[in-house]
Amino acid sequence: MPPRKPRVIEKDKIILVEGADAYFFFMWAYQAFGVPGIQVIDFGGINDLGQYLKTFKELPGYEKASTILIGRDAEKTADGAVKSIKTALKKNGFAVPERPFTFAEGKPRVAYVVSRF
Amino acid sequence: MITALDIKGFKGLGHLSIPRLTRINLVGGKNNVGKTSLLEAVFLFFDRINPQMLTNQFARRGVSVLPLEPDTMWAPIFHDYEMEKEISISVTSVNSTKTMSIKFNPNYTPSVVRAKTTGQGSQQLQIRTDQKPTPSYALDITYKMNGKKETSHLLMGIEGLGLHIDYMKAEKTQAVFIASRSLMKPNEDAEKFGKLDIMGKQDAVIKFLRIIETNLTALSSVSMGNISMIHGDIGLKRKIPVSYMGEGVSKLLSIVLAIANAKDGIVLIDEFENGLHYSVMEKIWEGIGRAAREFNCQVIATTHSYECLEAAYKGLSGDLQNDFSYLRLDRIDDETKAKIFDFDMLKVAIDTNSEVR
Chain A
1 MPPRKPRVIE KDKIILVEGA DAYFFFMWAY QAFGVPGIQV IDFGGINDLG
51 QYLKTFKELP GYEKASTILI GRDAEKTADG AVKSIKTALK KNGFAVPERP
101 FTFAEGKPRV AYVVSRF
Chain B
1 MITALDIKGF KGLGHLSIPR LTRINLVGGK NNVGKTSLLE AVFLFFDRIN
51 PQMLTNQFAR RGVSVLPLEP DTMWAPIFHD YEMEKEISIS VTSVNSTKTM
101 SIKFNPNYTP SVVRAKTTGQ GSQQLQIRTD QKPTPSYALD ITYKMNGKKE
151 TSHLLMGIEG LGLHIDYMKA EKTQAVFIAS RSLMKPNEDA EKFGKLDIMG
201 KQDAVIKFLR IIETNLTALS SVSMGNISMI HGDIGLKRKI PVSYMGEGVS
251 KLLSIVLAIA NAKDGIVLID EFENGLHYSV MEKIWEGIGR AAREFNCQVI
301 ATTHSYECLE AAYKGLSGDL QNDFSYLRLD RIDDETKAKI FDFDMLKVAI
351 DTNSEVR
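If you read the sequences in order, they're chains A and B. Using my numbering, you'd call the opening residue of the first sequence number 1 and step up by one each time. Using my numbering, you'd call the opening residue of the second sequence number 1 and step up by one each time.
Some clues are possibly wrong.
Stated by the list, open to error - Within a straight-line C-alpha distance of at most 27 Å, the following computed BS3-like cross-link-like pairs (lysine-lysine) qualify:
#1 A:Lys13 to B:Lys347
#2 B:Lys347 to A:Lys90
#3 B:Lys30 to A:Lys11
#4 A:Lys57 to B:Lys339
#5 A:Lys90 to B:Lys339
#6 B:Lys337 to A:Lys11
#7 B:Lys30 to A:Lys5
#8 B:Lys239 to B:Lys195
#9 A:Lys5 to A:Lys91
#10 B:Lys347 to A:Lys107
#11 A:Lys13 to B:Lys30
Said to hold, decoys possible - Chain A residues, not near chain B, derived (Cβ > 10 Å throughout):
#12 Lys54
#13 Val82
#14 Val96
#15 Gly106
No lab work stands behind these hints: they were computed from the structure. In this text, a Cβ means the ideal position worked out from N, Cα and C, and glycines have one as well.
Put together the whole structure using the sequences plus the hints.
See the structure below:
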């Protein structure tokens, strides 16, 4: 099997998701709604969102990102997932939205959704 | 060991600040971002008492002939070829920062005038009362640390290139540059090998080379006229020069000899992956990591290869992971930014198949 080509950050609107189910859900959703300029990135396998965000903001192309949406599985409890997302965002210097489905202004703007994918 | 670097006005590097360096540093980034210039700046800093400190840089890049003019020989080391700007290279070691600055001086007047003889073989000196120093072009080189200053002047005049030293201490830290172009230096390698052989370290070198040449059982330095070459036993009827075993073995030999002979020093490797098959790189990196620890040597290498990066990440895992950093250079306007990935960050990048070069 040929080696996979490493993924480059190409778009300014990024959806970060954990796992294949969420990845394909968002891929189909943004295509179905015809929203341009969106890139979905699966960071599945990295359980620690904070560690992923620390790396993500150093990746080439990150400076292009104007908007980030984080989609995570609620797992045990939605409250626990929200708390974990907020902690990871704050620790890495991102804007922290008060509630799901709302954007916190910053560079980049950030929102998150918690669901059961 | 260098812990931080700050480079201003050197070649393509308008300004580059690297706040953290570890024992093994791999540098990536797009073409022409300044990866080789970074290595050259570090080498220049340590190559301080060498009249050929700049001409060597051209040779490493494959340029062998240049007119003896400041515009062709010296301007290329200045950012945007602007010789009126100053070059500054600051190197921080554990507790101290030393800064080298280079300034073009079009009217340098030497303080010492050499008496000219009237002819070859003559003992008579032609002495004239009107003899005056002839102004030359110079690069004024200054090192500053803790309020102390050392100066020298790299000269270009009718007598060619030279170095006038006002006051400068020889650098204790040894730096070695392994260029991307394979420039064989058999005498140099044989001499380095001889030193290791005397210290009984031959086996370590053989073990390292066996990563590529598994049949290698022995090495010897053989003198032939003015040339010494390292020969190896790979099970043939006779020993053969290591250079005949392929570019990868030769390169590996140069690397291991450089590390083992640069105790407490620094080894700079340009385009690490050249000549090396991806399948052996993981073991090579592990070998480099262990050798660098044993000889207390620091390594800074450049790469364009994702395979090389992955191999370094895997080879320098476990107890070596805190020794390793990946630096990605990126040019934004006139500034070159270094994004530093520690082992854990690189793990995240590679596990998520993210581009980091």
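Which hints, by number, does the structure contradict? Those not satisfied are hints 9 and 12.
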